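Chemist: Residues per chain, in single letters:
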Amino acid sequence: MKHLITNINKSFDHRIRLGIMSILMVNEYAEFKTLKELLGVTDGNLASHIKALEKEAYILVEKQFINRKPNTKYSTTQLGKLEFKKHISALEKLIKHN
Amino acid sequence: MSDKDYLKDITDIKKMMAKSSRFISLSGLSSVYTGVYALIGGAYYYVKEIKTDSFSPYVAISIFLIVSVLSVITTIYFTHKRAKKINEKAWSKTTKQLLSTFSITLVIGTCFIIILAFQEKFEQLIPLVPLFYGLSLIHAAKHTKNIVKPLGVIQILIALLCVLFIEQSFWLYVIGFGLVHLINGLIIYFKYDK
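Top line first, the protein sequences correspond to chains Z and E. As numbered in numbering that gives the first Met the number 0, residues 0 to 97 make up the first sequence, in order. As numbered in numbering that gives the first Met the number 0, residues 0 to 193 make up the second sequence, in order.
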């Protein structure tokens, strides 16, 4: 049983973080506003979860200005994709195992 | 976390992936109406032109344009209505991606068709309409639930048949733009909309 748990990634163990990763897995990138609308969370809440994922180098943050307005794009890193896939298969195994 | 939570995680992940990348507000009714408009247009052309042996290409083009404009308006209307019903935004990033991939192929095709129309090469023009329409649909299908892909494949088959049997192209258009849209719309309506 223990070896199953080891692949469960603590960094993804939250509904909002799972949501962020899911969106970024199937889209080239997403903007802050898009993520916020899709997940239905507040700015502060989303920002803190993004920061956590960024700290692990699972997502890439790209800041730029469009018509003088700040615009932030998020995308997954190779590492993020790999870790997320591992996490999902760990979840699937756990469910099957029980 | 218990099993149930993990299971919920997986379903949440799937849902979020689908919601963020697929355009699910496309209503089957818009396809049904497109089919009906095309059939009415076809019937009008049959009575006015084919029965009287005049076969005017300009009447055919006018009918085609009217049918297309009506279909686009209907599609926009039903998409809005359906998006509201299932509580989703009609004008999302996926919509923009869908429209841009759809229109790239369509614009290229339209340029070809307009040039051929001005050169009055109507026989060469006929198969190009379903061909480019089909290609645009297949190209855009990755942003939908893939209900659009079979429609695109059928349009391309119609285009090939138009090249082979140019005399039958009126009936091929009636089948391709009329009947196929109608049936496709009904399938989508009963499978996804209900």
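These aren't lab readings, by the way, just hints derived from the structure by calculation. One or more hints might be untrue.
Unchecked claim - Only part of the chain Z face toward chain E is listed, based on derived beta-carbon distances under 10 Å: (1) Ile7; (2) Glu30; (3) Leu37; (4) Leu38; (5) Val40; (6) Asp42; (7) Leu45; (8) Leu90.
Stated by the list, open to error - Taking lysine-lysine pairs in the DSSO-like style, the calculated list, with each CA pair at most 30 Å apart, reads: (9) Lys92/E <-> Lys68/Z; (10) Lys32/Z <-> Lys7/E; (11) Lys141/E <-> Lys32/Z; (12) Lys18/E <-> Lys120/E; (13) Lys141/E <-> Lys92/E; (14) Lys80/Z <-> Lys18/E; (15) Lys83/E <-> Lys80/Z; (16) Lys50/E <-> Lys35/Z; (17) Lys92/E <-> Lys50/Z; (18) Lys18/E <-> Lys50/Z.
Since the model is a prediction, treat every value here as computed from it, not as a measurement. By construction, the Cβ of each residue, glycine as well, lies at the ideal position given by its N, Cα and C atoms.
Chemist: Would you mind confirming whether the straight-line C-alpha gap from Lys80/Z to Lys18/E stays at or under 30 Å?
Modeler: holds, 19 Å
Chemist: Is the shortest C-beta separation between Leu38/Z and chain E less than 10 Å?
Modeler: holds, 8 Å
Chemist: Going straight from one Cα to the other, do Lys92/E and Lys50/Z come out at no more than 30 Å?
Modeler: holds, 24 Å
Chemist: Under 10 Å, Cβ to Cβ, is where Ile7/Z needs to be relative to chain E, so tell me if that hint holds or is violated.
Modeler: holds, 9 Å
Chemist: Is the hinted pair Lys83/E and Lys80/Z satisfied, with a Cα-Cα distance of at most 30 Å?
Modeler: Violated, because 33 Å separates the two Cα atoms, which is more than 30 Å.
Chemist: Was the hint right that Leu90/Z lines chain E, CB cutoff 10 Å?
Modeler: holds, 5 Å
Chemist: CA of Lys141/E to CA of Lys32/Z, is that 30 Å or under?
Modeler: Given pair Lys141/E, Lys32/Z holds - Cα atoms ~23 Å apart, limit 30 Å.
Chemist: Given Leu37/Z as an interface hint, is the shortest Cβ-Cβ distance to chain E below 10 Å?
Modeler: holds, 5 Å
Chemist: Lys50/E and Lys35/Z were given as a pair; does the straight-line alpha-carbon distance stay at or below 30 Å?
Modeler: violated, 60 Å
Chemist: Would the pair Lys32/Z and Lys7/E pass a check requiring their Cα atoms to be no farther apart than 30 Å?
Modeler: holds, 25 Å
Chemist: Using Cβ atoms only, decide whether Glu30/Z comes closer than 10 Å to chain E, and label the hint accordingly.
Modeler: OK, holds: Glu30/Z within 10 Å of chain E, min 8 Å.
Chemist: Holds or violated: is there a CB of chain E closer than 10 Å to the CB of Asp42/Z?
Modeler: Hint on Asp42/Z: violated, closest Cβ of chain E at ~19 Å, above 10 Å.
In this structure, the hints that do not hold are numbers 5, 6, 7, 12, 15 and 16, in rising order.
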